[in-house]
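Colleague: Given chain A, put chain B with the ligand in place with the hints provided.
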Amino acid sequence: MVDKQLALEWYRKMALIRRFEEKCAEGYAYAKIGGFLHLYIGQEAVAVGAIGALNDDDDIVTHYRDHGHAIARGLDTNALMAELYGKATGCSKGRGGSMHFADASKHFWGGYALVGAHLPLAVGLAMASQYKGENRLAMAIFGDGSTNNGGFHESLNMAAVFKLPVIFLIENNLYSMGVALHRDSSISDLYKRAASYGIHGEAFDGMDVQAAYEATKRAVEHVRAGNGPVLLEAKTYRFRGHSMADPEMYRSKEEVEFWKQKDPITTWKARCVEAGIATAAEFDEMEAAANREAEESVKFADESPEPELSTLCDYIYANPIGQTEYQPV
Amino acid sequence: MRTITVRQAIQEALREEMRRDENVFLMGEDIAYYGSAYGVTKGFVDEFGEKRVKDTPISETAIIGAATGAALGGLRPIPEIMSINFALQALDQVVNHSAKLSYMFGGQMKVPMVMRTPAGWSQLSATHSQTLELLFAYIPGLKVVMPSTPYDHKGLLKSAIRDDDPVIFIEHALIYGAKGEVPEEEYLVPIGKSVVRRPGKDVTVVAYSRMAMLAMEAANDLAAEGIDVEVIDLRTLRPLDMEPVIESVKKTNRVVIAEEGWKTYGIGAEVQSRIYEEAFDYIDAPVRRVAGVEVPAPYNKHLEMAAYPHKANIVAAIREVLK
Ligand SMILES: Cc1ncc(C[n+]2csc(CCOP(=O)(O)OP(=O)(O)O)c2C)c(N)n1
Numbered sequence: 001m002v003d004k005q006l007a008l009e010w011y012r013k014m015a016l017i018r019r020f021e022e023k024c025a026e027g028y029a030y031a032k033i034g035g036f037l038h039l040y041i042g043q044e045a046v047a048v049g050a051i052g053a054l055n056d057d058d059d060i061v062t063h064y065r066d067h068g069h070a071i072a073r074g075l076d077t078n079a080l081m082a083e084l085y086g087k088a089t090g091c092s093k094g095r096g097g098s099m100h101f102a103d104a105s106k107h108f109w110g111g112y113a114l115v116g117a118h119l120p121l122a123v124g125l126a127m128a129s130q131y132k133g134e135n136r137l138a139m140a141i142f143g144d145g146s147t148n149n150g151g152f153h154e155s156l157n158m159a160a161v162f163k164l165p166v167i168f169l170i171e172n173n174l175y176s177m178g179v180a181l182h183r184d185s186s187i188s189d190l191y192k193r194a195a196s197y198g199i200h201g202e203a204f205d206g207m208d209v210q211a212a213y214e215a216t217k218r219a220v221e222h223v224r225a226g227n228g229p230v231l232l233e234a235k236t237y238r239f240r241g242h243s244m245a246d247p248e249m250y251r252s253k254e255e256v257e258f259w260k261q262k263d264p265i266t267t268w269k270a271r272c273v274e275a276g277i278a279t280a281a282e283f284d285e286m287e288a289a290a291n292r293e294a295e296e297s298v299k300f301a302d303e304s305p306e307p308e309l310s311t312l313c314d315y316i317y318a319n320p321i322g323q324t325e326y327q328p329v
Numbered sequence: 330m331r332t333i334t335v336r337q338a339i340q341e342a343l344r345e346e347m348r349r350d351e352n353v354f355l356m357g358e359d360i361a362y363y364g365s366a367y368g369v370t371k372g373f374v375d376e377f378g379e380k381r382v383k384d385t386p387i388s389e390t391a392i393i394g395a396a397t398g399a400a401l402g403g404l405r406p407i408p409e410i411m412s413i414n415f416a417l418q419a420l421d422q423v424v425n426h427s428a429k430l431s432y433m434f435g436g437q438m439k440v441p442m443v444m445r446t447p448a449g450w451s452q453l454s455a456t457h458s459q460t461l462e463l464l465f466a467y468i469p470g471l472k473v474v475m476p477s478t479p480y481d482h483k484g485l486l487k488s489a490i491r492d493d494d495p496v497i498f499i500e501h502a503l504i505y506g507a508k509g510e511v512p513e514e515e516y517l518v519p520i521g522k523s524v525v526r527r528p529g530k531d532v533t534v535v536a537y538s539r540m541a542m543l544a545m546e547a548a549n550d551l552a553a554e555g556i557d558v559e560v561i562d563l564r565t566l567r568p569l570d571m572e573p574v575i576e577s578v579k580k581t582n583r584v585v586i587a588e589e590g591w592k593t594y595g596i597g598a599e600v601q602s603r604i605y606e607e608a609f610d611y612i613d614a615p616v617r618r619v620a621g622v623e624v625p626a627p628y629n630k631h632l633e634m635a636a637y638p639h640k641a642n643i644v645a646a647i648r649e650v651l652k
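Chains as they are written, first to last, in the working numbering: chain A, 1 to 329; chain B, 330 to 652.
Isolated chain B (complex conformation):
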């Protein structure tokens, strides 16, 4: 099968869905002639024109609010927020409007919108490097997706665009260039389904996005030592599909949860407590969490590397739970 990058997978999903449905359009800062901050929408304005690839003012509130309104008006907007950090200026719209309209008005409205936004870090310092998916995953009414492989990026984005609810689609800037197999033919990946990325019998690693990729690398390294790691990629953070995790825990009895965000109140905290609620009797060692250091992101390269978790941290945690 051919291999393509995460960035190309996203581009293919957008292009295919825009060709398929006239009502799908892109809007955001610098997405037309600049081609978007991370180059994802490069060339789109040439194929689809300004009507469907709209450069907007730097107005995060209005971008997401207008996308929500356009969705009410029967379109399928895909607003891009240049960085998840800037989404804080759109949080009111997402949380108080996009997520609420269906419920608050008794089911008479729907908001088929996909907010795409990159997360990640690379010496961008405190306000440009935050891991904020949790803020969205906390909110009923939203669907929150954060894939790892190119295959999932493409299939989940296509599902998100066809979905009738607001979907927050979070990309990780550090894996835009990561490659993986993606078929030529059309396919969808369902929202709300975790996946066993690699079966194993000794220990379960639960992760998503970049950390799921690192978990796979860690598992491959440890296989050489005869340690058989099962990797589960959550892919969707809301609704959270715990079934494969619980199944896995019942088999391996040992768990590591890996995320980039701050540990306190994090995604890992939620996954861990669900494991204790639903599979307490199957746990043979305390669940270990790999997470970011609880500090605003520093600029200095060495400090920054120390602030985020890496493959070595996952490996160490696996060894710990196997002791």
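Pulled out of the complex, with its shape left as it was, chain A reads as follows:
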């Protein structure tokens, strides 16, 4: 079993993701948050376990369902909520929103909104690490739907050919938007696609933080030893709709209820308390801390300033040439 500190820390992080996202849903209902909002609720164990198995300077790229990954990597929740509120203090200065959290200083290279298209970025980050003779690996996180996109196949092949240090992590939540896995994928055990590229593939229980951690640790060892990329598949489920706009006509209430019995947060606590790793009161303390942090992020976001209109055209280029200041049309 895991040690107490780790068990509590995983719990705190999963609870923080959950509370943070419940605040997101509220903010969306109050129209404080706009655009697309894809909640990660139900999948928390994957982010916390898998990212917890990495070094802090391992590179991460992920998809638009990125809140959980950002929090697991330790991005500042104030800056994250402020980004959702579109504020100048947001992690991407209000330019990115929910789908584009990033913190380059934490090697969190961003959430990307084109399905499957960000995998090559991880290949390139790993290429840079290999080129410079560094020990960093890159992790690309994406949904099951992405494995049907060309970017997935080109990336796995290229990473395998160059023996690059990449972990490709599929979060198989059984749906791409409203299309069930068996309706859009030729196989249901997606990790088996690794065989096409001659690389190692493995699946784990994505509702179990410890399983996520241990499977990723094995992948990390394999990759860091210079054996090339690994394809991991988390078997998981999202409890909410694809995005806030989803009426969820494509799956039954019974199915959702079945998966909610596997809630990664409550089951983890129950398991640990039963095994005597920590007391219920100690877990509750973690939960209270998570609640406070989520609430504070909302206050911070609310009180933060809007970006100045005069900054509209900032950041288009790192090295601007000629007239680039904002001129009202």
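Think of the hints as simulated: they come from the structure by calculation, not from any bench. Please note that the accuracy of each hint is not assured.
Said to hold, decoys possible - EDC-like, lysine to aspartate or glutamate: derived pairs with alpha carbons at most 20 Å apart:
1) B:LYS640 - B:GLU554
2) B:LYS580 - B:GLU623
3) A:LYS262 - A:GLU274
4) A:LYS132 - B:ASP613
5) A:LYS132 - B:GLU376
6) B:LYS439 - B:ASP350
7) A:LYS106 - A:GLU26
8) B:LYS380 - A:ASP56
9) B:LYS487 - B:GLU341
10) B:LYS522 - A:ASP189
11) A:LYS132 - B:GLU379
12) B:LYS522 - B:GLU576
13) A:LYS32 - A:GLU306
14) A:LYS217 - A:GLU22
15) A:LYS253 - A:ASP263
16) B:LYS487 - B:GLU345
17) A:LYS132 - B:GLU346
18) A:LYS163 - A:GLU221
19) A:LYS262 - A:GLU214
20) A:LYS260 - A:GLU22
21) B:LYS439 - A:GLU274
22) B:LYS592 - B:GLU623
23) B:LYS439 - A:ASP314
24) B:LYS592 - B:GLU649
25) A:LYS132 - B:GLU606
26) A:LYS4 - A:GLU274
27) A:LYS163 - A:GLU202
28) B:LYS487 - B:GLU346
29) A:LYS163 - B:GLU345
30) A:LYS132 - B:ASP384
31) B:LYS439 - A:ASP57
32) A:LYS260 - A:GLU221
33) A:LYS262 - A:GLU22
34) A:LYS163 - B:GLU649
35) B:LYS579 - B:GLU606
36) A:LYS4 - A:ASP284
37) A:LYS106 - A:GLU9
38) B:LYS487 - B:GLU510
39) B:LYS487 - B:GLU376
All figures in this text were calculated on a predicted structure; none of them were measured in a lab.
Modeller: Relative to chain A, chain B with the ligand alone:
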């Protein structure tokens, strides 16, 4: 001064920058042992090794995506796309990633990447002969360069490699063998500066790449008749430097714009409307545009020649605006 070809100018720029900076490397299809489709990277793998001259799978999406990722990781990748037509399979990466990362993440990332790709035509038919620079020039976040002379190819490519933003560097296959003066000493040509290639007082011709070379030939032919043509080479399509064009129009009051691409929505359309916006009062005759015929490129030699503009078309347009 010595003269070298456009191809040699590009090779010199790549070699000098690779020697200068360890983090500069090449990647692309068939660039190592084949020496690249147009022979540009011939011999590079012998000098720099496989680490810095990487043959890749035929995966345009992954080539440009990985180059973008490698740039995030602190390298200065120069991915080659074998033909601009194949860049369509990389367009998503270029447009949605390379061009966007700086802005979308609030200035915390930069993408110092140069995507080199040849354009052009020579009986290659519809899918291998398209003039697509416009697609890239449309996108804020990219810098798009398409030079004509060997001097500019070398100086602009060196600037592009040192630039911290993604640069699309487009070469024209039909002018790889064109010669011109290039000094031995080191120099740079700045991105984002159009140039007056030939001063003149009667008419302004605005062009770039191969058409700028043809415009120079047309100007030399007409000089014999006493027609004094000013030629402006745009060199960079984004950011577009209109200053020398506007200056010139104020002097000559007559303009021809020459491009190989399709006229509708083309580069010429943009240049023309900027002239109308900024120098309307100085125009004495309608601006004429020389452009490609709006048809997919045909294979047949005669049909193909009819589909693209040539020196004669520029000459005819000049005579037209001088009427
Ligand atoms: C290239 C592309 N095609 C379509 C979409 C629209 N879209 C956004 S999310 C999504 C479903 C993706 O499902 P999956 O990869 O399984 O990830 P999940 O949302 O379940 O986490 C679709 C079709 C898109 N963003 N990008």
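Colleague: Each hint should be assessed against the structure and marked as holding or not.
Modeller: Comparing the hints with the structure gives:
1. Using a Cα cut-off of 20 Å, the hinted pair LYS640 of chain B and GLU554 of chain B holds, with the two alpha carbons roughly 16 Å apart.
2. For the hint linking LYS580 of chain B to GLU623 of chain B, the alpha-carbon distance of about 32 Å lies beyond 20 Å, and the restraint is violated.
3. Distance hint between LYS262 of chain A and GLU274 of chain A is fulfilled; the C-alpha atoms sit about 16 Å from each other, no more than 20 Å.
4. For the hint linking LYS132 of chain A to ASP613 of chain B, the alpha-carbon distance of about 60 Å lies beyond 20 Å, and the restraint is violated.
5. Proximity of LYS132 of chain A to GLU376 of chain B is assessed by CA-CA distance (about 19 Å); at most 20 Å being required, the pair is judged to hold.
6. Using a Cα cut-off of 20 Å, the hinted pair LYS439 of chain B and ASP350 of chain B holds, with the two alpha carbons roughly 18 Å apart.
7. For the suggested pair LYS106 of chain A and GLU26 of chain A, the alpha carbons sit about 28 Å apart, so the restraint of at most 20 Å is broken.
8. Taken as a hint, the LYS380 of chain B and ASP56 of chain A pair is broken in the structure, with Cα atoms around 27 Å apart against an allowance of 20 Å.
9. In summary, the hint linking LYS487 of chain B to GLU341 of chain B is supported, as the alpha carbons are separated by about 9 Å, within the 20 Å threshold.
10. Using a Cα cut-off of 20 Å, the hinted pair LYS522 of chain B and ASP189 of chain A is violated, with the two alpha carbons roughly 55 Å apart.
11. Distance check on the hinted pair: LYS132 of chain A and GLU379 of chain B sit about 14 Å apart at the alpha-carbon level, within 20 Å; holds.
12. Straight-line distance between C-alpha atoms of LYS522 of chain B and GLU576 of chain B comes to about 14 Å, which keeps the hinted pair within the 20 Å bound.
13. Between the alpha carbons of LYS32 of chain A and GLU306 of chain A the distance comes to roughly 12 Å, so the proposed pair stays at or under 20 Å and holds.
14. Under the criterion of a C-alpha separation no larger than 20 Å, the hint pairing LYS217 of chain A with GLU22 of chain A is inconsistent with the structure, at around 30 Å.
15. For the given pair, LYS253 of chain A sits about 15 Å from ASP263 of chain A by alpha-carbon distance, which is consistent with the 20 Å threshold.
16. Using a Cα cut-off of 20 Å, the hinted pair LYS487 of chain B and GLU345 of chain B holds, with the two alpha carbons roughly 8 Å apart.
17. Restraint check for LYS132 of chain A and GLU346 of chain B: satisfied, since their Cα atoms lie roughly 18 Å apart, inside the 20 Å limit.
18. Simply put, LYS163 of chain A and GLU221 of chain A have alpha-carbon atoms about 14 Å apart, close enough for the 20 Å limit, and the pair holds.
19. Our distance criterion of 20 Å between C-alpha atoms is met by LYS262 of chain A and GLU214 of chain A, whose separation comes to about 19 Å.
20. Distance restraint check for LYS260 of chain A and GLU22 of chain A: the Cα-Cα separation of roughly 16 Å lies within the 20 Å cut-off, and the hinted pair is therefore satisfied.
21. At roughly 49 Å between alpha-carbon atoms, LYS439 of chain B and GLU274 of chain A are farther apart than 20 Å, so this suggested pair is violated.
22. The straight-line distance between the Cα atoms of LYS592 of chain B and GLU623 of chain B is roughly 7 Å, inside the 20 Å bound, and the hint therefore holds.
23. A threshold of 20 Å between alpha carbons decides the hint, and for LYS439 of chain B with ASP314 of chain A the separation of about 13 Å falls inside it, so the pair holds.
24. A threshold of 20 Å between alpha carbons decides the hint, and for LYS592 of chain B with GLU649 of chain B the separation of about 18 Å falls inside it, so the pair holds.
25. Taken as a hint, the LYS132 of chain A and GLU606 of chain B pair is broken in the structure, with Cα atoms around 50 Å apart against an allowance of 20 Å.
26. The hinted pair formed by LYS4 of chain A and GLU274 of chain A meets the criterion: a straight-line CA distance of about 13 Å does not exceed 20 Å.
27. For the hint linking LYS163 of chain A to GLU202 of chain A, the alpha-carbon distance of about 18 Å falls within 20 Å, and the restraint holds.
28. Restraint check for LYS487 of chain B and GLU346 of chain B: the C-alpha separation of about 7 Å stays at or below 20 Å, so the hint holds.
29. Distance hint between LYS163 of chain A and GLU345 of chain B is unfulfilled; the C-alpha atoms sit about 29 Å from each other, more than 20 Å.
30. Of the pairs offered as hints, the one joining LYS132 of chain A and ASP384 of chain B holds, with about 18 Å between alpha carbons and a cut-off of 20 Å not exceeded.
31. For a cut-off of 20 Å, the pair hint linking LYS439 of chain B to ASP57 of chain A stands: about 18 Å separates their Cα positions.
32. Of the supplied pair hints, the one linking LYS260 of chain A and GLU221 of chain A is violated, its CA atoms being roughly 32 Å apart against a limit of 20 Å.
33. Taking the CA atoms of LYS262 of chain A and GLU22 of chain A, the gap is about 19 Å. The hint holds against a cut of 20 Å.
34. Only pairs whose Cα atoms come within 20 Å are accepted, and LYS163 of chain A paired with GLU649 of chain B is rejected, the gap being roughly 61 Å.
35. Distance hint between LYS579 of chain B and GLU606 of chain B is fulfilled; the C-alpha atoms sit about 13 Å from each other, no more than 20 Å.
36. Proximity of LYS4 of chain A to ASP284 of chain A is assessed by CA-CA distance (about 14 Å); at most 20 Å being required, the pair is judged to hold.
37. Restraint check for LYS106 of chain A and GLU9 of chain A: the C-alpha separation of about 19 Å stays at or below 20 Å, so the hint holds.
38. Between LYS487 of chain B and GLU510 of chain B, the direct Cα distance comes to roughly 17 Å. Compliance with the 20 Å bound is thereby established for this hinted pair.
39. Between LYS487 of chain B and GLU376 of chain B the alpha-carbon distance is near 19 Å, which keeps this suggested pair within the 20 Å criterion.
Against the hints set out earlier in the document, violations occur for numbers 2, 4, 7, 8, 10, 14, 21, 25, 29, 32 and 34.
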